[in-house]
Structures are given as structure tokens and as C-alpha cells.
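K.L.:
In case you want the letters, here they are:
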Amino acid sequence: AQKVTQAQTEISVVEKEDVTLDCVYETRDTTYYLFWYKQPPSGELVFLIRRNSFDEQNEISGRYSWNFQKSTSSFNFTITASQVVDSAVYFCALSEAQLNSNYQLIWGAGTKLIIKP
Amino acid sequence: DTGVSQDPRHKITKRGQNVTFRCDPISEHNRLYWYRQTLGQGPEFLTYFQNEAQLEKSRLLSDRFSAERPKGSFSTLEIQRTEQGDSAMYLCASSLPNDRGRGTEAFFGQGTRLTVV
Numbered sequence: 001a002q003k004v005t006q007a008q009t010e011i012s013v014v015e016k017e018d019v020t021l022d023c024v025y026e027t028r029d030t031t032y033y034l035f036w037y038k039q040p041p042s043g044e045l046v047f048l049i050r051r052n053s054f055d056e057q058n059e060i061s062g063r064y065s066w067n068f069q070k071s072t073s074s075f076n077f078t079i080t081a082s083q084v085v086d087s088a089v090y091f092c093a094l095s096e097a098q099l100n101s102n103y104q105l106i107w108g109a110g111t112k113l114i115i116k117p
Numbered sequence: 001d002t003g004v005s006q007d008p009r010h011k012i013t014k015r016g017q018n019v020t021f022r023c024d025p026i027s028e029h030n031r032l033y034w035y036r037q038t039l040g041q042g043p044e045f046l047t048y049f050q051n052e053a054q055l056e057k058s059r060l061l062s063d064r065f066s067a068e069r070p071k072g073s074f075s076t077l078e079i080q081r082t083e084q085g086d087s088a089m090y091l092c093a094s095s096l097p098n099d100r101g102r103g104t105e106a107f108f109g110q111g112t113r114l115t116v117v
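If you read the sequences in order, they're chains B and X. Each residue of the first sequence is one higher than the one before, starting from 1 at the first, in this note's numbering. Each residue of the second sequence is one higher than the one before, starting from 1 at the first, in this note's numbering.
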């Protein structure tokens, strides 16, 4: 069965600190996609990144970076020099990538990130 | 605004009443999803449309829930005889087709928060 675990329920850091959000997944599929979404207080889920299972290169986008490690089934997300506007709930998600898949996302429970000024 | 829009944003209803929510996806997206999210949890998949065809329904979707997408554009989700346990955020998302196994990201609306009193 597919499963996504975000063990950190809530993280609180002071602005400008670096912070890493953990995500561990389980799947029997050899081809799959991993995602991170941000959910600010307004409620809308904002797409951050998609990674396919064949691409283990780490990715950096501005202050955001992602570390995909197939060997440990982890897809961790780091925010460098955090800002108050980064405060939100962050979700990690997994989907199958079979042809004609219904693209059903399996979600973690989310990590609430609080950035204090 | 060319994002996914949902209406209403908030709905308070008395137990036993029927409610209907609307979702307008991004215009070129043929896939549409409904999710339910309760406080402190990740979204749970409810149902999925490809164009006007409803291709999958979660077991979470009891017979009191019905979703339609009559012309393959907007979608409605109706809950009949609401119960207090139906209180949640109902999220709609849309995406492009899953072409040759390449998943595409889902874009989410801001959700409809339902409170059943």
C-alpha cells in the first residue's frame, strides 16, 4: 500500500534560520511521483515541486531545496533563511505514474511551519 | 483569474439539510478531482472526473454524496442529509492529462469550508 509519513507535526523557528521538513514514503511501484504543496492560512494548496522516481537529482529553487533519496524513501524539503511568509502547512504527497493512472494523490498529514519574526 | 475557483468559500448548514458546492477548473484541464480535508489532516481523495466521466469514487463517498460534471467543464458536489461529521474543507483540483506516464501537477482551488451545526 502507498503511504506518506510526515513525522513532524509542527516546527517553530526564528526568521532567517534554515529548516528541513521530512517526508518518508512507501510504495511498491517502481514509477511514481512525489510532490510538495504549501497550504497558507487562506486554504489554497499551492504546488511547489514534482519529482519522478527516476530523477534523484536534488533541486534548488531560490531559498527552497529538495533532497530525494530513494535508498531511504525520503523526499525532504529545506527552506534556507526562512521568512515569516513561509509560515504555512506543508504537505508531501505521492502518486502512481502508470499510464492512464487516475493520478490519485496520497497525502501526508502535513507539517505546520511557524516562522517567528 | 485563471485558477481553480470554488463557490461558496464558506457554508454553514443545519444537520439534515442538503448542500451543493461548485468548482470551476482551469479551462484547458480535462481532469477534475474532489478532496475532503479535516483539521490537521492531509486531503482525502473523494472522486475524479476525466471530462464528463466520473472514473473513480472513494469509499469515503457515501450514497449521500454525489458529484457531477455534466459538460466536462464545471463540477458540482452535493451532500444530502448533512451530518456533523461532514464538516470539513472540500477542495477541488484540476490537471492536464497524464500523458505517457508523465504525471502533471494538480492545481487546487481555495476550497469550500462546510460547517454542519
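Since the hints were derived computationally from the structure, they do not count as laboratory data. The model shown is predicted, which means the values in this text are computed figures rather than measured ones. Check before you lean on any hint, since a few could be wrong.
Calculated pairs, DSSO-like style, for lysine-lysine (alpha carbon to alpha carbon, straight line, at most 30 angstroms) [unchecked claim]: (1) B:116 <-> B:38; (2) X:11 <-> B:112; (3) X:14 <-> B:3; (4) B:38 <-> B:3; (5) X:11 <-> B:16.
K.L.:
Hint by hint, say whether it matches the structure.
P.N.:
Comparing the hints with the structure gives:
| no. | hint | verdict |
| --- | --- | --- |
| 1 | B:116 <-> B:38 | 18 angstroms, holds |
| 2 | X:11 <-> B:112 | 25 angstroms, holds |
| 3 | X:14 <-> B:3 | 35 angstroms, violated |
| 4 | B:38 <-> B:3 | 19 angstroms, holds |
| 5 | X:11 <-> B:16 | 38 angstroms, violated |
In this structure, the hints that do not hold are numbers 3 and 5, in rising order.
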